[in-house]
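For the record, the sequence lines run as chains A, X, Y and H.
Counting from 1, one number per residue, gives the positions in the first sequence under the numbering used here.
Counting from 1, one number per residue, gives the positions in the second sequence under the numbering used here.
Counting from 1, one number per residue, gives the positions in the third sequence under the numbering used here.
Counting from 1, one number per residue, gives the positions in the fourth sequence under the numbering used here.
In case anyone wonders, no lab produced these hints; they're calculated from the structure.
Among the clues, some could well be false.
If chains are identical, the list can't say which one is meant, so a pair holds when it fits in one copy or spans any two.
As the list claims (entries may be wrong) - Dumping the calculated BS3-like pairs for lysine-lysine here, alpha-carbon to alpha-carbon at most 27 Å:
| # | residue 1 | residue 2 |
| --- | --- | --- |
| 1 | Lys130 | Lys52 |
| 2 | Lys130 | Lys4 |
| 3 | Lys130 | Lys75 |
| 4 | Lys11 | Lys75 |
| 5 | Lys11 | Lys21 |
| 6 | Lys11 | Lys52 |
| 7 | Lys77 | Lys60 |
| 8 | Lys77 | Lys130 |
| 9 | Lys4 | Lys66 |
| 10 | Lys21 | Lys52 |
| 11 | Lys60 | Lys130 |
| 12 | Lys11 | Lys130 |
| 13 | Lys75 | Lys52 |
| 14 | Lys21 | Lys130 |
What you are looking at is a predicted structure, and each value in this text was computed from that prediction instead of being measured.
There are 4 protein chains.
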Amino acid sequence: MTTKSENRARKLSQDIITAGKWISERHWVPATGGNFSARLNTAECLVTASGKHKGHLEEKDLLTIKWSGNELDCKGKPSAETRLHTQIYDLDSTAQAVFHTHSIHTTVFSRLIDAPVYRFNGYEMQKSIKGNTTHESDLLLPIINNSQDMQALAAVVQQRWEASPMPFAFLVKGHGMYAWGNTIDEAKRHLEGWEFLIECELKRIQLRPLLPDNIKQGNLR
Amino acid sequence: MTTKSENRARKLSQDIITAGKWISERHWVPATGGNFSARLNTAECLVTASGKHKGHLEEKDLLTIKWSGNELDCKGKPSAETRLHTQIYDLDSTAQAVFHTHSIHTTVFSRLIDAPVYRFNGYEMQKSIKGNTTHESDLLLPIINNSQDMQALAAVVQQRWEASPMPFAFLVKGHGMYAWGNTIDEAKRHLEGWEFLIECELKRIQLRPLLPDNIKQGNLR
Amino acid sequence: MTTKSENRARKLSQDIITAGKWISERHWVPATGGNFSARLNTAECLVTASGKHKGHLEEKDLLTIKWSGNELDCKGKPSAETRLHTQIYDLDSTAQAVFHTHSIHTTVFSRLIDAPVYRFNGYEMQKSIKGNTTHESDLLLPIINNSQDMQALAAVVQQRWEASPMPFAFLVKGHGMYAWGNTIDEAKRHLEGWEFLIECELKRIQLRPLLPDNIKQGNLR
Amino acid sequence: MTTKSENRARKLSQDIITAGKWISERHWVPATGGNFSARLNTAECLVTASGKHKGHLEEKDLLTIKWSGNELDCKGKPSAETRLHTQIYDLDSTAQAVFHTHSIHTTVFSRLIDAPVYRFNGYEMQKSIKGNTTHESDLLLPIINNSQDMQALAAVVQQRWEASPMPFAFLVKGHGMYAWGNTIDEAKRHLEGWEFLIECELKRIQLRPLLPDNIKQGNLR
Chain A
1 MTTKSENRAR KLSQDIITAG KWISERHWVP ATGGNFSARL NTAECLVTAS GKHKGHLEEK
61 DLLTIKWSGN ELDCKGKPSA ETRLHTQIYD LDSTAQAVFH THSIHTTVFS RLIDAPVYRF
121 NGYEMQKSIK GNTTHESDLL LPIINNSQDM QALAAVVQQR WEASPMPFAF LVKGHGMYAW
181 GNTIDEAKRH LEGWEFLIEC ELKRIQLRPL LPDNIKQGNL R
Chain X
1 MTTKSENRAR KLSQDIITAG KWISERHWVP ATGGNFSARL NTAECLVTAS GKHKGHLEEK
61 DLLTIKWSGN ELDCKGKPSA ETRLHTQIYD LDSTAQAVFH THSIHTTVFS RLIDAPVYRF
121 NGYEMQKSIK GNTTHESDLL LPIINNSQDM QALAAVVQQR WEASPMPFAF LVKGHGMYAW
181 GNTIDEAKRH LEGWEFLIEC ELKRIQLRPL LPDNIKQGNL R
Chain Y
1 MTTKSENRAR KLSQDIITAG KWISERHWVP ATGGNFSARL NTAECLVTAS GKHKGHLEEK
61 DLLTIKWSGN ELDCKGKPSA ETRLHTQIYD LDSTAQAVFH THSIHTTVFS RLIDAPVYRF
121 NGYEMQKSIK GNTTHESDLL LPIINNSQDM QALAAVVQQR WEASPMPFAF LVKGHGMYAW
181 GNTIDEAKRH LEGWEFLIEC ELKRIQLRPL LPDNIKQGNL R
Chain H
1 MTTKSENRAR KLSQDIITAG KWISERHWVP ATGGNFSARL NTAECLVTAS GKHKGHLEEK
61 DLLTIKWSGN ELDCKGKPSA ETRLHTQIYD LDSTAQAVFH THSIHTTVFS RLIDAPVYRF
121 NGYEMQKSIK GNTTHESDLL LPIINNSQDM QALAAVVQQR WEASPMPFAF LVKGHGMYAW
181 GNTIDEAKRH LEGWEFLIEC ELKRIQLRPL LPDNIKQGNL R
């Protein structure tokens, strides 16, 4: 690497370390789960090393990986799920950072829904996802079956991507979320926006059938 | 501005920055959502710049805005929802600070209730809202339909205000809360008091229908 | 006061300030709610001033109050609920510190239960309440109707106390909890233990009717 | 002890103190509940003293205990539940650290399930438990009835262990969890992984019966 690209890699590493502390404080990467990456160029990215706690990352835990399709080249042991990160970079040329997290809410929500996609509508927070300007539009979040075969998962992500654009995130059933953006800050905003929308929708699912009509009507005498 | 009013603006900016940290720690302004303001005089206020994370504000993110009805004059790009802040200052001459927040609970609650107003009764915490001295009175929280047209929303707020006094807060459906007070501290107290009341009421709605009679009766043998 | 008792008062003030930070971080004293006290002797105690945020107390916010029955003598404006603190000191000679808190869980729980007392049984955590050595005994938590008349409330507390011993805590309906102990640490332990028991019981009430038999049986195939 | 083993004991004490702060911040050891240990050799371990708050441990609160079956030898007063820690060390020769915690979720979950074991399946997070490589396998968590007789409880743990291997954790009904590992870090990972799985399963139990078919199907029009 040139000095310039080394400096850029070092800056990205620091930003990922800082993001990891915030994500860990939200309890979205428990038990050494989750993995993060940032793109260096069209065929290289930084990715977190396997088995590290994502709230206590150090610069040495960010590994440089070179990829081409399913082939990954890396000194050290990168996250087992690196292939999904590189798939996102291949499919979305604007993607510069990817966060894969394991929250309680995404894990449970993804298991409850037996459909390939879930429709969000009526939330102002939909505007936190790039390209959305109103609560009145539909936002369709893909849900993909879990697999321990990363190449198979990557192929499904590609099929789903080609069938329909993804809202900078998808869920893996019983597993967690992938969220990305064209900067680390945008990836964080997409992550936090989607976590908010999913937690709201879980609460709405829970409360709606328990709501008697008089309460729906404002409990007015 | 005179030096005196500059000092006042600087002090207000610092207080908003501090309040923003606290509000962000409560997770009430996720994903760069929400916006805050403080009144400078009858036609000027400080308001947070668009797109900034409200937990990491800096003094430069507090913009001075001059308004007259729907006309807003500002160097820089203020929050898109500034018009609702100035509407509150126009309607309530005692209002000195306004917090607009996006919590999970206000978002879900405002979508569950199909009524223009929700009645709170029986909570000691009602006394945290200025002018309330007993849990036995009714406290009526307005709920307004969401819109991306700020002038239309401002007009609805005015109609609702003229029809009935507002308890220093209202909800926008699927969107969040506006809360205000005659100091920044009072606005914070109203915000926290209303969040408490709404979270309690959501739990009560959820639990009441699941409660068998023997448990209502104290589970005594 | 003698120097010795001044030093003791100063130490107690510091301990209350520290406890207040911890209680506020748990969100049990929102919106300037709640009040705390520590006994100085049989007829004097320190009590928090009215309207202060309990997470940011200073030494000057701890007022010395002298009492005799319903008569309270104090320089400054103590909490409106001081009379309940002194009532606890009068009734329980071992009480040295009292915390009155407003948590979501105690507020909701106290409104759901239509009985003067609620029975807890089967929790190891019952042992955190002094005098309890097994999960197999019954622990009866009193619930008292709310009132804005402190002398009336104090009289009800006395009647309930004389009818049956209290487990170092009682609830006021829609309002919150009073918890005490013979040291500040013991009062904190009783507060935390009761909050735990009440939150567990709310979850159990919520989940039991939703539990199909196959899940109760461990979801074994 | 030799200097080398003294250094090791000191290092382990520090690691337990640090772990205790993290566990306490998660609210898994409220009201002075819970107890922790680390193995020194086949017949000695460090264990937390009785009645201490586990978020504020000091080196002197870690007591050295020597054991042989039900006989425990210790200067000072170790946790009343020390016998269960030593039982785990006797049964699992790889165990080097044990955390016993009292979370809301383990307490409630263990009371809801009327079965000796609960089956977890379909969670990626199962891989946080050593030896598990896929979400498709079954992970069986033992649940044991609570008792104040530690020797009786230890005997039940032995019977259950001999009947079936334990996934580095078990629950005691209405009481909490024991989790262990072959390092302090692994014990923390098992603790956090199991807390995650139990909280997910409680949410799934709660939400599944409230889920109408159209929502299960992704709420697509």
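These are the hints, each one checked on the structure:
1. Lys130 - Lys52: Intra 31 Å, inter 15 Å, cutoff 27 Å: inter-copy only.
2. Lys130 - Lys4: neither (29 Å within a copy, 42 Å between copies)
3. Lys130 - Lys75: Classified as between: cross-chain Cα gap 25 Å, same-chain 35 Å, threshold 27 Å.
4. Lys11 - Lys75: within (20 Å within a copy, 32 Å between copies)
5. Lys11 - Lys21: Close inside one copy (16 Å) and across copies (25 Å); limit 27 Å.
6. Lys11 - Lys52: This pair counts as both: shortest intra-copy Cα distance 20 Å, inter-copy 21 Å.
7. Lys77 - Lys60: The answer is within: 12 Å in one copy meets 27 Å, while 40 Å across copies does not.
8. Lys77 - Lys130: between (33 Å within a copy, 18 Å between copies)
9. Lys4 - Lys66: within (18 Å within a copy, 45 Å between copies)
10. Lys21 - Lys52: This pair counts as both: shortest intra-copy Cα distance 13 Å, inter-copy 20 Å.
11. Lys60 - Lys130: between (32 Å within a copy, 25 Å between copies)
12. Lys11 - Lys130: Classified as within; 24 Å inside a copy, 34 Å across copies.
13. Lys75 - Lys52: within (16 Å within a copy, 38 Å between copies)
14. Lys21 - Lys130: both (24 Å within a copy, 25 Å between copies)
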